[in-house]
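S.K.: So you can see what is in the structure, the chains are spelled out below.
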Amino acid sequence: MSELTHLTLADARDMLRAKKVSSSELTRAFVAAMERARMLNAFVTETRDRALEMAKASDERIWRGDARPLEGLPVAIKDLFCTKGVRTTAGSRILGNFIPPYESTVSQNLWDAGAVMLGKTNMDEFAMGSSNETSYFKPAINPWRARDSNENLVPGGSSGGSAAAVAASLCLGATGTDTGGSIRQPAALSGIVGVKPTYGRCSRWGIVAFASSLDQAGPMTRTVRDAAIMLSHMASVDEKDSTSVDMPVPDYEDGLEGGVSGLRIGIPKEYRLQGAPPEIDALWQQGAYWLRAQGAEIVDVSLPHTKYALPAYYIVAPAEASSNLARYDGVRYGHRAEGSHDLVDLYEHSRSQGFGAEVKRRVLIGTYVLSAGYYDAYYTRAQKVRTLIKRDFERAWEKCDALLTPATPGPAFPVGRKSNDPVSMYLNDVFTVTVNLAGLPAISVPVGLTENGLPLGLQVIGKTFDEATALRVGRSIELAANFTDRPRSWWMA
Amino acid sequence: MSVDKTTVGRIAKLARIALPDEQVESMMGELNGILGWIEQLHEVDIDGVEPMTSVVAQKLKMRDDVVTAGGDAAAIVANAPQTEDDFFVVPKVVE
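These protein sequence lines are chains A and B, in that order. For the first sequence, the residue numbers in our numbering are 138 to 630. For the second sequence, the residue numbers in our numbering are 842 to 936.
Extracted from the complex, chain A is given alone in its bound form (with noise of 0.2 Å):
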């Protein structure tokens, strides 16, 4: 059984079409680790009977010879991508048990790929944290443990519980969303691949709303190559989503072994932080020596506005937040407090009770921002920064084809550590924040272990739709990192 599971996507894949294990089976070991596996509380809603059902109808198309790309391989959806039928959360109390009546455009279209649904995945409550740990369904806990530790570690946010899940082989890839961070944080703390694609090259139809010009989908996997046949089948043009882009998806496994021969890397002189741990930076340095090695050249590029990239995000978001988050009124669908005597009344205290801490100071930050006499001098000013932030990336273009940074100031952190000081919580997203804001490509890679034996990653920062680039500079890296550690299986029941 941990044989099957271990396998990354592709190898499956091929195993599949070579008749050499069924979807059946593929998707019985899957369970049985997600079942094994609850004490990580990476799943919030498991979907077994509907997981084995779809096992075996790819079987049959096999079978058959009729099988699509991602044929019987098994999956998991993050909590906040609608799935018709059944129970999504976004990780609030608000929603309750709503039951979508649609389904999502991405996950519909791993379906339509012949992808099989394990079941949802734990999140900060409406993707609101870095940490997992404001989940209305408690925090998902990182698979890896600190050498001789038994302390519960958090697995990154906002993704945290799809990031634990491929961590810990519950399954062959996740889906999740990406506004400041929380697809490349929470692959990083957890030793994962993880792929925020360009704004608009996934559909958000679907997907439960936070900042609606930051938001994007995107996979979560074992291996680059394993990112790359699931964005190839995520990604879509969208009639139903008005930002999604007009331009043919490619396939990015074609060209994942191009190398980087001839590429110009930038290294952005703005993430070297004071205070970062030197494990940080050392492992900076080893990939760029390694795209070097392979024949990249490295170039110093400077992206002078990224200081201000959190505190800009910090307006923007929680503006675009308050607006969507109006939506949950107690009256539709999802939590409605009792006793309430008129419909005002109705709103604050369902709202009161259906929502988080974090997300209450997001939806009060975003409404004191865009009240009237405030909303120059917060939003639009932010507004301003952001095209700053977006200039500085466009003359780096002008230098280099991809950017290498590290993915986070620092490891997976324990359960607890942060989660009473918003701030510091937020520096976590330093490094990723910035690409949001310019609606740029990246991709988060593991390369290695700090001294304690938690892992790191390195982020790869591509041109706008350029996602193939970044995957091919994240391929080299994990080709010359060679990073096979996995964690210990402490949590099997």
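Hint data in this document are derived by calculation from the structure and do not stem from the laboratory. Possibly wrong hints are sitting among the right ones.
Calculated pairs, DMTMM-like style, for lysine to aspartate or glutamate (alpha carbon to alpha carbon, straight line, at most 25 Å) [stated by the list, open to error]:
| hint | chain 1 | residue 1 | chain 2 | residue 2 |
| --- | --- | --- | --- | --- |
| 1 | A | Lys406 | A | Glu531 |
| 2 | A | Lys555 | B | Glu863 |
| 3 | B | Lys902 | A | Asp603 |
Label-pair ranges, simulated between beta-carbon atoms [unchecked claim]:
| hint | chain 1 | residue 1 | chain 2 | residue 2 | range |
| --- | --- | --- | --- | --- | --- |
| 4 | A | Asp437 | B | Ala916 | 54 to 64 Å |
| 5 | B | Glu863 | A | Glu535 | 48 to 58 Å |
| 6 | A | Ser460 | B | Val930 | 22 to 32 Å |
| 7 | B | Asp862 | A | Lys275 | 46 to 56 Å |
| 8 | A | Asp388 | B | Lys933 | 31 to 41 Å |
| 9 | B | Val897 | A | Arg185 | 36 to 46 Å |
| 10 | B | Val897 | A | Ala509 | 27 to 37 Å |
| 11 | B | Val890 | A | Arg154 | 31 to 41 Å |
One-sided and incomplete, this derived list gives chain A residues near chain B with beta-carbon spacing under 10 Å [to be verified]:
| hint | residue |
| --- | --- |
| 12 | Asp203 |
| 13 | Val453 |
| 14 | Ala463 |
| 15 | Gly467 |
| 16 | Tyr505 |
| 17 | Ala514 |
| 18 | Tyr516 |
| 19 | Arg523 |
| 20 | Thr524 |
| 21 | Arg528 |
| 22 | Leu616 |
Since we're looking at a predicted model, the values are computed, not measured. Cβ coordinates follow ideal geometry from the N, Cα and C atoms, glycine included.
Put chain B on the given structure of chain A with help from the hints.
M.R.: Quick look at chain B alone, frame taken from chain A:
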């Protein structure tokens, strides 16, 4: 800029989130922590800079003005906490 208790109460009202009196003080502290940190944006020279309005340069898409979905009231009210026939039920709003 920082917010006082009255402002916190006002924005909670605007956001339609009930905030009990005993929570106003701590919420004020947390919001001011965040707003104080955001203040650094005032160091940036934004003279003559246009605010970003679209992430990726793209023309707004147009589509025919036709009904693409609908006619399924049962599915729409299926998740509602309280319904009557195909209507959402709320507390009385008109005396």
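S.K.: Each of the hints needs a verdict: does it hold here or not?
M.R.: We went through each hint and held it up to the structure:
1. A:Lys406 x A:Glu531: holds (16 Å)
2. A:Lys555 x B:Glu863: The hint holds at about 24 Å.
3. B:Lys902 x A:Asp603: At roughly 22 Å apart (the allowed maximum being 25 Å), A:Asp603 and B:Lys902 satisfy the hint.
4. A:Asp437 x B:Ala916: 54 to 64 Å: holds (57 Å)
5. B:Glu863 x A:Glu535: 48 to 58 Å: holds (56 Å)
6. A:Ser460 x B:Val930: 22 to 32 Å: Once the Cβ atoms are compared, 26 Å apart, the range 22 to 32 Å for B:Val930 and A:Ser460 holds.
7. B:Asp862 x A:Lys275: 46 to 56 Å: violated (29 Å)
8. A:Asp388 x B:Lys933: 31 to 41 Å: violated (58 Å)
9. B:Val897 x A:Arg185: 36 to 46 Å: holds (39 Å)
10. B:Val897 x A:Ala509: 27 to 37 Å: holds (31 Å)
11. B:Val890 x A:Arg154: 31 to 41 Å: Given about 53 Å between the Cβ atoms, the range is violated.
12. Asp203: violated (30 Å)
13. Val453: Hint holds; A:Val453 Cβ to chain B Cβ min 9 Å, cut 10 Å.
14. Ala463: holds (8 Å)
15. Gly467: It holds, given that the least Cβ distance between A:Gly467 and chain B is near 7 Å, below 10 Å.
16. Tyr505: holds (5 Å)
17. Ala514: holds (7 Å)
18. Tyr516: Check passed: Cβ of A:Tyr516 comes within 8 Å of chain B, closer than 10 Å.
19. Arg523: Hint holds; A:Arg523 Cβ to chain B Cβ min 4 Å, cut 10 Å.
20. Thr524: holds (5 Å)
21. Arg528: OK, holds: A:Arg528 within 10 Å of chain B, min 8 Å.
22. Leu616: violated (31 Å)
The structure shown violates the earlier hints numbered 7, 8, 11, 12, 22.
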